[in-house]
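Based on the sequences and whatever the hints tell you, model everything.
Residue strings, one per chain:
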Amino acid sequence: MSQLNPPVICIIADKHDLYDDRAYWKQALSLLEEGFLVHYIVVNSDESNQGVTKEGVSFYLIKRKQYIPSIILNYLIKKAFLFAMNMMK
Amino acid sequence: MCRKINADIFQIVDLRINRIISKLRNQHPSAKFIYDIREPRDYNLLYITLKKWPVPFFIKMMYARHIQQWEYSKTNYYDYLIGVDDEIERRVKENCKIDYTTIYNYTNLKDLRKNNPLSMKVFDAAYIGGISEVRGALVIAEATRILKEEFSGIKIFLLGNIHDIRLRNYLADFIAKHDLKKIFLLKNMYPILKYLIIIIRLK
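So the sequence lines, in the order shown, correspond to chains U and Y.
With this note's numbering, letter number 85 in the first sequence gets 85, and the count goes up by one each step, no holes.
One gets this note's numbering by counting positions in the second sequence from 1 and adding 1000 to each.
Honestly, the hints are just simulated from the structure, not real lab data.
C-beta atoms are modelled at their ideal positions from N, C-alpha and C, and glycine is treated no differently.
The reader is advised that the hints may include incorrect statements.
Once the Cα atoms are required to be at most 30 Å apart in a straight line, the calculated DSBU-like pairs of lysine-lysine come out as [unchecked claim]:
(1) Y:K1182 / U:K15
(2) Y:K1023 / Y:K1093
(3) U:K78 / Y:K1060
(4) U:K78 / Y:K1074
(5) U:K79 / Y:K1074
(6) U:K26 / Y:K1187
(7) Y:K1181 / U:K15
(8) U:K63 / Y:K1004
Okay, the calculated beta carbon distance ranges per label pair [stated by the list, open to error]:
(9) U:S30 / Y:G1130: 18 to 24 Å
(10) Y:K1052 / U:K89: 37 to 43 Å
(11) Y:I1059 / U:A80: 21 to 27 Å
(12) Y:K1181 / U:F83: 55 to 61 Å
(13) Y:P1056 / U:Y67: 25 to 31 Å
(14) U:Y67 / Y:Y1104: 38 to 44 Å
Just a few of them, taken from the derived set where beta-carbon distance is under 7 Å, the chain U residues facing chain Y [said to hold, decoys possible]:
(15) P6
(16) P7
(17) D14
As structure tokens, this is what we get:
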């Protein structure tokens, strides 16, 4: 596979962390070995951060917006917030 | 973020990302989308996630079914589906129209066991991953009890977290009751290096 313009793959996870056994160690690293440029986005992380892992995977950790501890109420608040934003546009 | 990366292929690993899949598709019309479809969603919701919810069972069942159908409907946004076992394959073929391949999630032993003599054997069988009733923890425990009668030297190892306290207590009682302490071993997740050492000791 040509290294000049390698195909780019973006793995997006929500419940799996960056160093997940399957998504990272098996899938992402296998793709890297095959010449892909691998990006790994973790949407529901404990912290916001980005960089490149030792193995060469570009990662983006995105902290989930949490207004209150209850998942359901949090979801509803976010929906209401988005709805209000759309109404204001 | 995804716009910036502008990938040729997107691989979605978790269910909740499906909330934005149509938007992602519209943003990246030339990209290919792969969905890594996971274990039976409805069973997981019903017997793990929602198990302790103080809601009548039939409501939980309806919700679990709804989420499962929602997941199946979202697969239409993908170009390809991948999964890890034959049961997922069966369910996908029954409910989805998208091409699917099973990539078994076996432990990749590579060269670790090339020269691994039988004398090095410590465990006869091991399971690695979350330990739950749905994933067969009780069946493995019962199988160990039966196998103990036939093969006195057998050793079974379960490596993973038990989130269900009732299951943890049940297994502890089961091990004590049937004197399985030395042959049925339960451990929480280890760092990856220690886990590789266990794999090398398998035969």
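If you draw a straight line from the CA of K1182 of chain Y to the CA of K15 of chain U, is it 30 Å or shorter? Distance ~34 Å between K1182 of chain Y and K15 of chain U Cα, so the pair is violated.
Run the distance test for K26 of chain U versus K1187 of chain Y: straight-line Cα separation, threshold 30 Å. 23 Å, holds
Take the C-beta atom of K1181 of chain Y and the C-beta atom of F83 of chain U, compute their distance, and say whether it sits inside 55 to 61 Å. 57 Å, holds
Is the hinted pair K63 of chain U and K1004 of chain Y satisfied, with a Cα-Cα distance of at most 30 Å? 18 Å, holds
Should the hint that P7 of chain U touches chain Y count as held when the rule is a Cβ pair under 7 Å? 5 Å, holds
When the least beta-carbon distance from P6 of chain U to chain Y is tested against 7 Å, hint result: 9 Å, violated
Should the interface hint for D14 of chain U be scored as holding, given a Cβ-Cβ cut-off of 7 Å against chain Y? Given a least distance of 4 Å, the restraint on D14 of chain U holds.
Consistency of beta-carbon spacing, Y67 of chain U to P1056 of chain Y, with hint 25 to 31 Å: Cβ of P1056 of chain Y to Cβ of Y67 of chain U: about 29 Å, so the range 25 to 31 Å holds.
With respect to the beta-carbon atoms only, verify the hint that S30 of chain U and G1130 of chain Y lie 18 to 24 Å apart. At roughly 23 Å between Cβ atoms, G1130 of chain Y and S30 of chain U fall inside 18 to 24 Å, so the hint holds.
Is it true that the CA of K1181 of chain Y sits at most 30 Å from the CA of K15 of chain U? 33 Å, violated
Given hint K1093 of chain Y paired with K1023 of chain Y - CA-CA distance at most 30 Å: 26 Å, holds
Holds or violated: K79 of chain U with K1074 of chain Y, Cα cutoff 30 Å? 20 Å, holds
Going through the hint list in order, the structure does not satisfy hints 1, 7, 15.
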